[in-house]
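Asks: Could you put the whole structure together from the sequences, leaning on the hints where they help?
Each chain, written out:
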Amino acid sequence: KAGVTQTPRYLIKTRGQQVTLSCSPISGHRSVSWYQQTPGQGLQFLFEYFSETQRNKGNFPGRFSGRQFSNSRSEMNVSTLELGDSALYLCASNYNSYEQYFGPGTRLTVT
Amino acid sequence: GQQVMQIPQYQHVQEGEDFTTYCNSSTTLSNIQWYKQRPGGHPVFLIQLVKSGEVKKQKRLTFQFGEAKKNSSLHITATQTTDVGTYFCAGPKTGNQFYFGTGTSLTVIP
Numbered sequence: 002k003a004g005v006t007q008t009p010r011y012l013i014k015t016r017g018q019q020v021t022l023s024c025s026p027i028s029g030h031r032s033v034s035w036y037q038q039t040p041g042q043g044l045q046f047l048f049e050y051f052s053e054t055q056r057n058k059g060n061f062p063g064r065f066s067g068r069q070f071s072n073s074r075s076e077m078n079v080s081t082l083e084l085g086d087s088a089l090y091l092c093a094s095n096y097n098s099y100e101q102y103f104g105p106g107t108r109l110t111v112t
Numbered sequence: 602g603q604q605v606m607q608i609p610q611y612q613h614v615q616e617g618e619d620f621t622t623y624c625n626s627s628t629t630l631s632n633i634q635w636y637k638q639r640p641g642g643h644p645v646f647l648i649q650l651v652k653s654g655e656v657k658k659q660k661r662l663t664f665q666f667g668e669a670k671k672n673s674s675l676h677i678t679a680t681q682t683t684d685v686g687t688y689f690c691a692g693p694k695t696g697n698q699f700y701f702g703t704g705t706s707l708t709v710i711p
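Chains S and V are the protein sequences, given in the same order.
If you count by this note's numbering, then the first sequence holds residues 2 to 112, one letter each, in order.
If you count by this note's numbering, then the second sequence holds residues 602 to 711, one letter each, in order.
In short, the hints are calculated from the structure, not lab data.
Among these hints, one or two may not hold up.
Unchecked claim - Anything over 12 Å on all C-beta distances counts as not near chain V; from chain S, calculated: (1) A3; (2) P9; (3) E53.
Said to hold, decoys possible - Restricting the straight-line Cα-Cα distance to at most 27 Å, the calculated cross-link-like pairs of lysine-lysine (DSS-like) are: (4) S:K58 with V:K658; (5) V:K671 with V:K658; (6) V:K660 with V:K637; (7) V:K658 with V:K637; (8) V:K671 with V:K652; (9) V:K657 with S:K58; (10) V:K660 with S:K58; (11) V:K694 with V:K657.
Idealized CB from N, CA, C, for every residue including glycine.
Replies: Below, the structure written as structure tokens:
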């Protein structure tokens, strides 16, 4: 099976812009979770989608949003970018609430 | 709120030495997972522990889940350069929402 894919792999944006990141889970996986990874804060949970519904949400401002499509592909959107949003954004897919399979991540730099 | 703390934050060892990282939760966990992230890579699942006092081994890696299900450890015997990376523990909150520990970055000096 192909692994989790994320696009784009690298992104540079300026403050105030918005960005959309994409994640394609492993075939058959209906759960997709998003994480933000920074050197200072580690891995922080953003949200989880299952069958097109947001099932869990972390403690992030409303500028961070996401959605999931009927084919389980997921997107996350960050509006009004701030310098502190610079991070590696990882998505992970999951089949049965067991191990999470992470994608390679999208490295976002906000200038 | 629930927190998962991990120590140490960094560890440098000579190749062949042992290594241990500890994970502590402020609340009882239903299970705990361990992941490894190589430099420049993404987290890769290693194992899940579910039972109180559970011990699992994967070759040179030994994982333990505390009796109270609030702490866990990962021990690597005779480290190799291939063990380099950051090791994370992760405890569930609800469903697939996980709290990840701060991670322990392991450097192995040849």
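Asks: Please go over all the hints and tell whether each is borne out by the structure.
Replies: Now the hints, each set against the structure:
1. With a least beta-carbon separation of about 15 Å from chain V, S:A3 lies farther than 12 Å from that chain, consistent with its non-interface assignment.
2. Every C-beta of chain V lies more than 12 Å from that of S:P9, the closest at about 15 Å, which supports listing it as non-interface.
3. At the 12 Å boundary, the C-beta of S:E53 stays outside the reach of chain V, the nearest C-beta of that chain being 15 Å off.
4. Simply put, S:K58 and V:K658 have alpha-carbon atoms about 33 Å apart, too far for the 27 Å limit, and the pair is violated.
5. With a C-alpha separation of about 20 Å, the suggested pairing of V:K671 with V:K658 holds against the 27 Å cut-off.
6. Using a Cα cut-off of 27 Å, the hinted pair V:K660 and V:K637 holds, with the two alpha carbons roughly 15 Å apart.
7. Proximity of V:K658 to V:K637 is assessed by CA-CA distance (about 15 Å); at most 27 Å being required, the pair is judged to hold.
8. Distance restraint check for V:K671 and V:K652: the Cα-Cα separation of roughly 11 Å lies within the 27 Å cut-off, and the hinted pair is therefore satisfied.
9. Pair hint V:K657 plus S:K58 does not hold up; C-alpha atoms about 31 Å apart against a cutoff of 27 Å.
10. Distance restraint check for V:K660 and S:K58: the Cα-Cα separation of roughly 36 Å exceeds the 27 Å cut-off, and the hinted pair is therefore not satisfied.
11. Using a Cα cut-off of 27 Å, the hinted pair V:K694 and V:K657 holds, with the two alpha carbons roughly 23 Å apart.
The structure does not agree with the numbered hints 4, 9, 10 stated previously, though it agrees with the rest.
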